[in-house]
Amino acid sequence: MVARIPKKGLRDFDWLLALLAIGIVCFGTVQIRHAQPTEAYWVKQLIGLGIAVVAMLLVAFSDYRKLINIAPAFYVFGLLLLVLVLIPGIGLKINGQRAWIRVPGIGQFQPSEFVKVTTAMMLARYFGQRRLGALSLKDVAVGALILALPIALILLEPDVGSVLTYLPILITVLFLSAIKLRYVVAAVVLSVVFLPLAYWVGVKTNFVKNYQQERINVILDPEKADRRGFGYNTWQSILTVGEGGLWGADRTSGHSQSSLKFLPEPHTDFIFAVTAGNAGFIGCILTLFAYALLLSRLIVGAKRAPDRMGMLVIMAIVGGLTCQIFINIGMELGLLPVIGVPLPLMSAGLASLIATFIAIGFAMSVQLRRFVN
Amino acid sequence: MKFEDSSQNLRMRLWFVQSAVLVMLALLGVRLYYLQLVRGKHYAEIAQDQRIRKLPIVAPRGVIFDRDGHPLVDSRPIYNVILSREDLRGQNLSSLVNPFADALGLDADILRERFDQIGSQPAFESVLVKQDATPGDIAWVEAHELEFPELRVEQQPQRRYPPNGLLAHVLGYVGEVGAEQLKQQTYKDKNLKPGDVIGQSGLEQAYDDYLRGRDGYRKVIVDSRGRIQDEIETVLPQPGHDLITTIDLDLQMAAEQQLRDSSTKRGVIVAVNPNNGELLALASAPTFDPNLFSQRIGTKEGRAEYMALLNHPDKPLINRAIQSRYPPGSTWKIPMAIAGLQQGAITLEHSNLACGGGIWVGTKFTRCMGSHGSPDVGTAIVHSCDGYFYRLGLKMKLEGISAMTEEFDLNKRTGIDLPNEVASRTPVEFKTILDRRNQEWKDIDTVFASFGQVYEEMTPVSMLRTVAGIGIGGKLYIPHLLREVKPVGAANEAEFRAGRGFQSIDASRPNPKIVPIPEDIHHAVVEGMWGVVNKGGTGRAIVMAGFDIAGKTGTAQVVGLGKDIGKNKDHSWFVSYAPAYKPEIAMIALIENSGFGGHHAAPAVRRVYDVYYRKTRKEEPPGALPVAKRTSEARPTVD
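Protein chains in written order, with numbering that gives the first Met the number 0: chain A, 0 to 372; chain B, 0 to 638.
Just chain B, with the same shape it has in the complex (with noise of 0.2 angstroms):
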């Protein structure tokens, strides 16, 4: 020390100041050592992961084809703005939901709701906040990027649907996968994360895995913005396979075409080939858009579209000819009298019982619509005789019934390629409720059990499945959509994923289910349906010369005799194939409420026979009817 040190020790205290220096070093020296050493992987993957970005490239979704080729759903690109958690920093989803849905046009409410949906789940990436975004809308998100760097534009594909709800119930349509549903098993097994768009009803459904390929990605690096900087590495998408279905888009138009000009406009028309199961069309009216679902279901126009159809009446998301029961009226006869001539309650040589006019059973008087003598099976199908089949069915009794309906698999669902089919309810599962209520089944009971009014309610599909595969002599193919899942790439290919046919999911089912009808009993109940048309019979008006029509009217009670006016008049059924004795083609309509079967189902049908007739024949149709009109004359184009 050079100079005076009188105060204090001041040596002591340089000596001080001089340890504090090199502590206070040495202790940023030990936090290094534990920031880079101790924990440094740590916080390297950290980093790493806040600078990597997996931004999802939507796999397209496979194309669905009619059987001759014509594109029904594809997809087309559409832009849509995304919210990405991972550029949220910590904000709150709810404090954007105004000035999103003040700049973009949104509901707020359906926003927040989405918002608090989704982003309440652990596992979301990105929030979908506006679908088909517009120039406008885009150019917003890149104005404030800074404001909002978590929003993005992407290009997404949306799903088109035919117009006028053409096949809507069979192909269904997409929607994004719901939370309740990621929390089930199935779909937990498919690998979706919140947001993913599946197919939620038809075909779209039923045929999901194959439609929506697999997602690729690109791997990205983006500064604290989330902008991007650089790219790692892409996984390209792997497509959906296409999908060809067995529907004839011709028949398929002439079908809904027949049931909006049907008088209650509520119905059905299936046709399928009887040798295979193919559906050639599926129409149920009334129907949907499914594009609501695809496209509006996010705004507050589309819910409350969504809302109306749900609320509808006439509830027009129902398939009905898989989802809806009905009493099968006489078209129940069919598969009694096959039941009846194999069980042996009759004979082909002495098949003829007592019309009566109707029958008492005890003090109760059932009576037949006509007076037909004592006919014999054919003629009974003919004139549609209640009083012979209800003497048929006490000679059958509850359990010959019963078998028929095991045999004819009409006590269980059909197997079709579509999703929440409903069986059809037979009278043995009518007595387990009367059972329940401690009330017997009584011959009386039988009797309603034979003429298809009280105790049974058949799906239309149900029916149509039975009586085609009585027409082409006792093999009962699973009605399907199905013609050929595509392969997609080519066979020498590593991407190569390859297509296949219709396989009835329950692999136990025989396909098809052969029912053994001997020949000589199958030639009788034909030669009664053939008489149906060509004989004078119940569906006479509809008769076709070289092409002979085979079918059986019916005539569904909705409520008691007598009552069957307006909203409550009978449901009107017509089952049929053709040509008779070598079946190309089978055919059911239904129309709810409109009266008698000869009367308006069996002209639809007919309708629609002339379009396949037209069709296979290259010539016009021999009698063809005169169709009402035509409401759209065009095929309607997807693209």
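If we strip away everything but chain A, and leave its shape as in the complex, we get (with noise of 0.2 angstroms):
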């Protein structure tokens, strides 16, 4: 499928996008070192980043429409290792969550990162027919249906945090793939006034455990709450955030949050609090601003691409990530719950980083070819 690299293709290659991740790769490799000196786990994220440029390269190189067009093996192919993880022997189980594959030499990874990537294809070759009018509700269902499989095994494992980084996939191609309006209003109503109403009925019936509560009031008002207890890991990442002030904390005694063990995963979720801590405001604020670049970059992307299907998929993956940074740094700023969700292109992880890289080679696919029909 590499078999043609045009000579224009390197010219066509998105250089910025690519320098952009790497960049925020080893930007983020510098703080995993920071929150755990003693560990090897930058080492091992210098060299996931290496597979993830191979892996980046060759999408890219590839024809995305091929691939999409065989999707749905790559989707049960990802079911498959959905299934697998399951299994107790080939499932690794982590924190009560059986949720990684233990592979010898490599380690661990985690398949749901990489299913991410086979449900974005799968998406968009369904929806990225050309059509005429709007959805019909059928479209809606089998939509929903290829997202329900996968988050169906994933919440077996449970992973719940997981899931949510699924749903923006979907709501993204629906809305691209010309859901009426009012669908997408009714729904932002609906759960506008539902989210709180189900939170206030699931609190009196006790369907939302103490624990959950906790978690909740800690975002409300972290002075008050439960700070030793569920509202533990928010409130010691607000103070991580926080003792950064603008130009990161004062390190001279040596000790920081997350060398003292006060920050709980500091290398993986809350890799952007040891950031924060040692950037400071201005060091989050240029991280923000790589993201933000990046992003744009797909959806300049997107909007270059020739087909719909090279749309939908490089927003699909817009979409994803968009709301797994945000989920991810909305909880270490204690805006959000604790969910443990990595972030993208920062937190240590081989699956997160090879997927991310492997989607945003999808995305430099569709540009290469943006000119080719």
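Misleading hints may appear alongside valid ones.
Each computed SDA-like pair below joins lysine to any residue, with the alpha-carbon atoms no more than 20 angstroms apart [stated by the list, open to error]:
hint : chain 1 : residue 1 : chain 2 : residue 2
1    : A       : Lys260    : B       : Glu44
2    : A       : Lys260    : B       : Lys430
3    : B       : Lys430    : B       : Glu398
4    : B       : Lys53     : A       : Gly253
5    : A       : Lys302    : B       : Arg10
Partner residues are not named here, just some residues of chain A that face chain B (Cβ under 10 angstroms, in silico) [stated by the list, open to error]:
hint : residue
6    : Thr171
7    : Ala177
8    : Val240
9    : Lys260
10   : Leu294
Calculated from the structure, these hints are not laboratory results.
Think of the CB as a built atom: it goes at the ideal place given N, C-alpha and C, for glycine as much as any other residue.
Could you fit the two chains together into a complex? Lean on the hints.
Laid out in structure tokens, this is it:
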């Protein structure tokens, strides 16, 4: 599939996108090293970056149309991985979640990160057909079904956090696939009304557990919540971020929130808090700016896409990445409850890294073929 | 748009998605602005605080010595299991009671009570879970570091007192500062925190500010589990001052031995240097083990032991020398004789009053124990003639007796440097009671007030102060136990803290109080007291050739005449000093419910004088009385 790399291919290759992604990973690796100076996570991350770049190039110089045409095969393969991970002995149980597959030599990886890509491909394939008029209810149902299968399997792990990053993929695809605007408005209004109501009912009926309530309370008022119990992670993250100030926290003592283990999971879920502590407001804003640039670059690519399928696959990726970034950083800044979602490109973790680069590779592939028809 | 855009306004929708992406990222930026720039300082402070701990280093408490430099109390290092509040992680203390009690062999109820008491105080930093932890306890704490990160093992000094309750009432004991105490201003001023160990009785309490020293601390950086990662700063504790007391351990042990050997094993022996008020011995029996309070009070057995002490009918916790009042019996006649002569109720030339075997006042006859004719004041003292003093009292009247109690400070505390001294009760005080009942003070009451059985109750130490003062011609020193607070460090050091000698707590009180006793009056009374022992008087059994004891026996009725048997027997008194005309030492003994003063208190005093004589004259005292038995021959060691 990598058969033809035309000269103009190299010219059309989105160098800025690639450099942005690699730059963010490198910056993230520095932060991982800050977070866990005694562990080799940062080395693994660099190795992962190498693999990821290779994977990205492979995908970028493939013909995305051919890939999407055989999307059902990838999709089924992804589902198989999600079934495999549930089998004890193959799937690794960490913190009560059986979400990792043990791979000899490499360690472990999380198939749900890869399946995001295959699901996005599958959705792009279904909705990418040329069509006239608005989406029918049947179309929406099929889209929902495509998403429902991996979600159901992931819920068995159970990994609610991952599921939350799947939903935006479908929403973005539906939104850009000519779903009627009144449905969109209705959905927005319903969720705005229904979510708080559901929470209230959940609290009253004890369906929402105490610890879950505490995780909400710490967001509403971190100073008064149970800061040593279930609000601990959020509170410590807020402290770490706040301590960063404008330029980063004073490190003359050589100790930090992460080195003293006050901040949990500093190299994965809470890597942005570590960054905020080290690099301060300036560093954080630059990081957010880099993400904004990267996402904008992807959207520009989507706009230039030669066909609907290409546009959809890029936008699905944009929707997924954006929401994952927002959920992760929002959680670290005490805006959202603690949900175990990695920060794309920055959190330590091979699967997330490689999957994100493959997704970016797709976007590149679409761009490389924008003049070809 | 490269492909056909027939369906709805795709361009608009893409634009919308792009805006949503940027808005979400901007929202995060705003939140960062709030957390890092608006609230950054606040969070930085909290983050700093949670990683910094101040671990106290308990100051070594000063050692207490006797006057010859024998250590009486010191401390030894022990390991305590401490629960630190910082590391509790919002856990409920009560949920920890059972696991700790099981693992460390503690009583769950006592531990729960401790947690309730200290854990409810806002300022608590740590709670003592187990004192004097065994190696097994320490190993358990270390093995359960992950499960109970709040537990820590700390080395702390533990106070050790001499065995057999030796000097218990003088030394007192230390204990944790109580919740109630912390609310009082005096304790607030001392800057104490819950769990601090302070003197709670005796010299430990009286000189606590000197003995305690100032705790130091280690400022450390801890990780989220409270494990120490780094040390920022160490402030060493300032050790407490050592104390040199006026106690002579040899006399003290002899005095306690005499009380133990006495018939009822209840009583007081106090010895003082009349020339400066230094107390050489202060024994009160029965006694108790102060180690109970410093070492065992946190255990179930310790609590039971404490309850038993509190409820014991003999009240061992009371220091009888300063906290119990007894009718002084005939020892009352010494100040009476001085005051009678001073006030002119009798004169040296005409001091004879009739004995008459007693006295009729109205229809009531109060009898004398003998028939003494018409003695002069000296003879009346020698033979302890009640009839003489009935008549002297009637001449002095209540006013004269009350002037006497004022003159000899018998209506106030002596000012001894021990806490909780009580004041004696004088006839005037009893009169106010009669007044309140609308009862008239009659002549018969004055008779009763003049021979020490009814209308006065004296603490042994106040009686001793009076008689010792009379012995040296009218100087009443404040009896005290402090010889010297030793300085800490050398004079040229920055950490130097000066010592001091004894100072009266009430600075307005003269020390000594001068009682102007004309020399001839003093001589006449001393002659009488000399005669008590040396001229066939009531104390003749203890005569000591070459070391003239001047004294006065007393037999204080506990109940009416004729019923004085068994546990209602009279209290036996003997108050004295020696040598009679150049006093070096004054001594009082009171043996509760043992009977006649000359038979019980006087021999006990004599045996202590024997020890004094042996020590100061380096020879065997003439006619030393046999000592019944020795339960502890060797001097106790506290180290």
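Original post:
Which of the listed hints are broken here?
Top reply: 2
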